[in-house]
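Please model the complete structure; the sequences and the hints are all you need to start from.
2 protein chains.
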Amino acid sequence: MIHRKLEELLLEERDKLYVPAKNVAILLDSNTLDHAMLVLSQVHYSVIPVINKDNHIVGLISIPMIIHQIMNEGSKDTIHFSQLHKLKVKDAMQTDFPTVHQDTDFEDVLNRLVNHNFLCLETDEHKFAGIITRKEVLKRVNYTLHEIDKQCILTEK
Amino acid sequence: MIHRKLEELLLEERDKLYVPAKNVAILLDSNTLDHAMLVLSQVHYSVIPVINKDNHIVGLISIPMIIHQIMNEGSKDTIHFSQLHKLKVKDAMQTDFPTVHQDTDFEDVLNRLVNHNFLCLETDEHKFAGIITRKEVLKRVNYTLHEIDKQCILTEK
Numbered sequence: 007m008i009h010r011k012l013e014e015l016l017l018e019e020r021d022k023l024y025v026p027a028k029n030v031a032i033l034l035d036s037n038t039l040d041h042a043m044l045v046l047s048q049v050h051y052s053v054i055p056v057i058n059k060d061n062h063i064v065g066l067i068s069i070p071m072i073i074h075q076i077m078n079e080g081s082k083d084t085i086h087f088s089q090l091h092k093l094k095v096k097d098a099m100q101t102d103f104p105t106v107h108q109d110t111d112f113e114d115v116l117n118r119l120v121n122h123n124f125l126c127l128e129t130d131e132h133k134f135a136g137i138i139t140r141k142e143v144l145k146r147v148n149y150t151l152h153e154i155d156k157q158c159i160l161t162e163k
Numbered sequence: 007m008i009h010r011k012l013e014e015l016l017l018e019e020r021d022k023l024y025v026p027a028k029n030v031a032i033l034l035d036s037n038t039l040d041h042a043m044l045v046l047s048q049v050h051y052s053v054i055p056v057i058n059k060d061n062h063i064v065g066l067i068s069i070p071m072i073i074h075q076i077m078n079e080g081s082k083d084t085i086h087f088s089q090l091h092k093l094k095v096k097d098a099m100q101t102d103f104p105t106v107h108q109d110t111d112f113e114d115v116l117n118r119l120v121n122h123n124f125l126c127l128e129t130d131e132h133k134f135a136g137i138i139t140r141k142e143v144l145k146r147v148n149y150t151l152h153e154i155d156k157q158c159i160l161t162e163k
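Read top to bottom, the protein sequences are chains E and S. Numbering follows my numbering, in which position 129 of the first sequence is assigned residue number 135; successive positions increment by one, without gaps. Numbering follows my numbering, in which position 43 of the second sequence is assigned residue number 49; successive positions increment by one, without gaps.
Calculated from the structure, these hints are not laboratory results. Mixed in with the good hints, there may be bad ones.
For identical chains, the list gives no copy identity; a pair is met inside one copy or between any two copies.
Pairs of lysine to aspartate or glutamate, DMTMM-like flavour, derived with a Cα cap of 20 Å [claimed, not checked]:
id, residue 1, residue 2
1, Lys156, Glu113
2, Lys141, Glu19
3, Lys163, Glu18
4, Lys156, Asp114
5, Lys28, Glu162
6, Lys94, Asp35
7, Lys22, Asp114
Structural data, given as structure tokens:
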């Protein structure tokens, strides 16, 4: 269990932990892979969420996933760039990924972030609501580790 | 300042915080970009260190950096895949990046990791010694946040 006081500091201004959907670059599962390559080469994140026409999160996509997919479309050691405009994001995306909700315990968020650079945030209707990143969590951890020394006395048991 | 007890827990088994050089995928600055594309599409990390023939860290490289570079070699909206075998890793790599040493304060490590997915570790002779990742630091933070509750009493000032 995380101490109540530590959790309080970690979750101060909880809203700021999340990057809202409107500020996150996304792709549609029906986009072609050459469009995806262009988008992914211009955004700050190396992996971005994929949504479908109903605004549900259906996957994650990155340039390495795309390259991997077009290498699988023929002989393994060659990158088949001609396949880029024929294949869709849904052909290359990763579909196994964790999601969180607004009320997910911070402990679970932290645990899942050990293995993922960011987590997708869903509404109760499974709509895409934003992401929570390692960057924001590390900022908050940094703040908490400093603040605890100012606000509390730590005595060993 | 980070409280002494917190720093002690964060730095328990300090060696395990670092991934040693022998376990890190790297590229040479003289490798061609098509070789780099193949390596980057097969490794777990989206960005990897670049070293020169003297084993000094000279940059970081990712597939988006490569795509960006070959898009700059002509009209901006087209990806010029034919350039991949002509250009080298040194033409596309990022050369502005932070490094740390074995004795860098944990506080500085944490601060630098807010903006970088991993930090390169250098020896005193500027040789590449490994990396320290957000993943390992988050694992350690997780451990510390739980352990503090077991080992200490926290009283608000």
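Hint by hint, here is what the structure shows:
1. Lys156 - Glu113: between (23 Å within a copy, 16 Å between copies)
2. Lys141 - Glu19: Close inside one copy (16 Å), not across copies (24 Å); limit 20 Å.
3. Lys163 - Glu18: Cα proximity of Lys163 and Glu18: across copies only (18 Å, versus 27 Å in one copy).
4. Lys156 - Asp114: between (27 Å within a copy, 19 Å between copies)
5. Lys28 - Glu162: Neither: 46 Å inside a copy, 39 Å across copies.
6. Lys94 - Asp35: Within one copy only: 7 Å inside a chain, 33 Å across chains, cut-off 20 Å.
7. Lys22 - Asp114: within (18 Å within a copy, 23 Å between copies)
This entry does not satisfy hint 5, going by the numbered hints stated previously; all others are met.
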